[in-house]
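S.K.: Chain order of the listed sequences is A and B.
Everything in the first sequence is counted per the numbering used here, starting at 1 for the first residue and increasing by one.
Everything in the second sequence is counted per the numbering used here, starting at 423 for the first residue and increasing by one.
Note that these hints are calculated values from the structure, not bench results.
We put the CB at the ideal spot given by N, CA and C, even for glycine.
Wrong hints could be hidden among the right ones.
[Stated by the list, open to error] Just a sample of chain A residues kept apart from chain B, beta carbon distances all over 12 Å, derived:
#1 Tyr31
#2 Asn102
#3 Tyr211
#4 His247
#5 His305
[What the hints assert, rightly or not] Lysine-lysine pairs mimicking PhoX-like chemistry, simulated, CA-CA at most 20 Å apart:
#6 Lys692/B - Lys316/A
#7 Lys303/A - Lys316/A
#8 Lys577/B - Lys303/A
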Amino acid sequence: MSLTETDSPMSAQVPRPALAPGLLAPSNSHYRRPLRHTPFYEASQPWIQTDVFVGWAGYCVPDVYSSVEQEYFAIRNNCSIFDLTPMIKYRIAGPDAEAYLNRVVTCDLRKLKVNRVIYTVWCDDDGHVIDDGTVFRFGPQEFRLCTAERQLDWLLDSAIGYDVSIAEVTQEVAALAVQGPTSYSVLKALGLQGLETLTAMGMSHHRWEGYELMVSRTGFTGDLGYELWIAPEGAALLWNRLMIAGHVRGIRPIGYQALDMARIEAGFILPDVDFISCMHTVRIGRESSPWELNLDWTVAMEKGHFTGRRALLAEKQRGVRRKLVGLELEGKHPAHGSLVYSDKANEKQVGEITAALWSPTCKRNLAIAKIDAPHFDSKGDLWVDLYLNRELHWERRNVRAWIVERPFYLPARRRATPPVER
Amino acid sequence: MSGFDAIVIGAGHNGLACAFDLAKAGRKVLVLETAARAGGAAVTREFTAGFKVSACAHLLFAFPGQLMRDMQLERHGLRMAGRDLPTFALADGGAVRRIDTTQASGPGLSPGDAAAYAALRERLARYAQVVHSVLGMTPPQLTMDTWDDRIAMGKLALRLRMLGRQGMQELLRIAGMNAYDLLDDNLDDALLKGALAFDATLGADYGPRSPGTVLTWLTRLAGEQGAGGLQQPAGGMGALADAMVAALQSVGGELRLNQRVDRVLVEDDKVCGVRLASGETIAAKSVVSSADPRSSFMRLVGPQHLDTGFVRRVDHHRARGLVGKLHLALSGLPRFTGLDPSALAGRIVHSPSMDFLELAFNPSKYREVPENPALEITLPTLNDASLAPAGQHVMSVLVQFVPYDLGPERDAARQRLQQAVLATLERLAPGIGALVTASELLTPIDLEREFGLAGGHWHQGALDFDQFFINRPFPRAQQYRTPLDGFFLCGAGSHPGGGLMGHAGRNAAAQVLAGA
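So here's chain A without its partners, still in its complex pose (with noise of 0.2 Å):
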């Protein structure tokens, strides 16, 4: 998208020196939009209500797009979409890729198959998470990564040894996530064909209106759905598409917001949230091994060296200083940011809450909380307290919180296969 000078607000208000001549080309406008829009944003355009964005990895995308307890029903009932194009994609490919990058990541690659989606996280030496994301394999010696955050030079100075290329793809793949209980009903009145095959953490190609249309069952809401991936230049016509094959079935365009309740009930994770990439912490110790994440079941230390490999060894046998948990507190008062004591007098801190949530769909009072040792294997009662801001007056609770399994909502559609049309 390339925008001139007269696109700026700025430079209609304020009155400027003469700049240099090429300043002005369209390859600098991005000093004064510093985010770039999605390619769905022109379709998008009638379906945004309220303008509330949010900037996300260089994006502009919207934080709300009517209101968010709407947005969130549609996930849990109908259907919605959500503009993932901003999440970092690279593609590796090569004939190392696969020893490349099941030395970068921590689980175990050369389990997965072609076509098939895994959950992972990678660490640095020290065996401290530098993100999570997914690992998407379309051959043999082909994959896709998707990841919070940037991380090219992590990923070249990894390819040290290996023949491999490693390729930021991120502006060459629109994304769009398509979830809820009539989200597979919503894809096939679109004119998808096979889905009623497709397994969760599986993808499928399908030529669709002359694009390249690969659809993963995988997402960020824990509900039945399906992720979508084209050449941005289907993006309009796929939106468009998918707002009348949806209509009749609840479909509504989703913001940030409401998929950060729907994936706190998942019980997903959060980079800068949950937990700190150790690529940006400052103060030592703010780090998190995957264990700590309680992330145990994406390591696979039997499948020979990665990298922190060795760290997380030594810190298994050291033991984990905390651990990130599930809590269940009472009241329905989301409890942000408090911190969690061991002892009802809250004179002993075991803890602090990284996310809360009253879940409109367990009707429970839920957070993500990390928690030293040995409180995170607690049977017993935690205590949280709260801060109630009644119309400008504070009010301190003190409520009992205790630890729960996590994902906390777990809908059996989720990996229905075929899943029930609705």
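Assemble chain B onto chain A, guided by the hints.
M.R.: Leaving out everything else, chain B in the frame of chain A:
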């Protein structure tokens, strides 16, 4: 699993010293050497029919007396043809300074400069003593997790304290400085300063005005402290290697030549042996590599057994050699203007001023050879007639500064360099050109090919602050141990560097023994 307790890769002096200590401690040790002869950079070979030369290192200046005694090298046949060889700084026209460790002399050297030189050397000797005390030490980790680390750090702190307040301040002041400014602060005599600056930069990849050259000088001076002056082994450097091999064999160590190691074998995240280029595998509990850090990790171990951050460090490791070597076969003894013929048995340094030296360095930054190179000239046949036919001589010249990468016109650059060295020699020793019957020029890339020195660097890696002591070669490999269980480094790339000291090999052996 039958096999060896330890396999040492490379039969250079560090590899041999390491293997000796291991074998002496009762370990079953095998040394594998790619070349047809042992010695690595300590080797004598015929460069033209009838003329032999120490092909890489040509003088011992830092070989520890302790190692000499422990390996009983004299009993195993090592004899010095020359001891306490003097150094002469020589300029065009015959101006000359004799340089010894405590005093300098020569016609035209002012009494003030002579006194200032003595004072400077006395001061530097005290700092070099501190550096000397860490040469034989395994560098501590800054986290000081173990008692060994704490004791090592404590010893170093004590050494520093013993310098006194002024001494510590002065050491801190000069340690990161360049040799040019330090020498300018202390001395006036251009020729003397030029020759001293030559020593400060010899084998390093910097000119005298580059920061850190005081440190490289101090390291050289520190090495000198445990050694008996400049020495020339009878039969050339190869004789040193031969004696070390004999010493190794006398304690039961085994050496196999012409065995190129292809891979370090790893099982269950632990070293289990090596695979040779021939396909043969040999089992061992530990593998100790005297190869440079880059070859050791990237070629022998492979990145698949290492973490990304560690490989990044390997990749950033700097090793740019800047020393060339010229060997000449001479039909007679040349006459150097200003030098008594008896002086020719010593070491002649041609670096008439620090500016001259800096100008000789500058072109190397742009992959070019110097028009006026700085030289260290020796005539080893004067101490050891066995190296050449009767009445004829060998000249072995170190040439500063010769870049590793000579650009696209490599052969032309080599020719220019050889002509430049010969022209310089002709000015210093008129008529020498007519005596030359054969010659051989080795640039850093040749040193890399022939001696396996990465980047053609003498020390298998720059001896700069960021690759020095606790940072040598880089963090997580600085204690000879490596992230891969059972794999050790023992080459010059590790602390304290090369220069034929053997400390890296011996320190590594101590780590292997401590771990097993």
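S.K.: Please go over all the hints and tell whether each is borne out by the structure.
M.R.: Checked hints:
1. Tyr31: holds, 32 Å
2. Asn102: Incorrect as stated: the minimum Cβ-Cβ distance to chain B is 9 Å, not above 12 Å.
3. Tyr211: Holds, since 36 Å exceeds 12 Å.
4. His247: holds, 49 Å
5. His305: At about 5 Å from chain B, His305/A fails to clear the 12 Å cut-off, so the statement is violated.
6. Lys692/B - Lys316/A: Given that 20 Å is the threshold and the Cα spacing comes to 19 Å, the pair holds.
7. Lys303/A - Lys316/A: holds, 17 Å
8. Lys577/B - Lys303/A: Violated. Lys577/B to Lys303/A sits at ~43 Å, over the 20 Å cutoff.
Hint compliance for this structure: hints 2, 5 and 8 are not met, and every other hint is.
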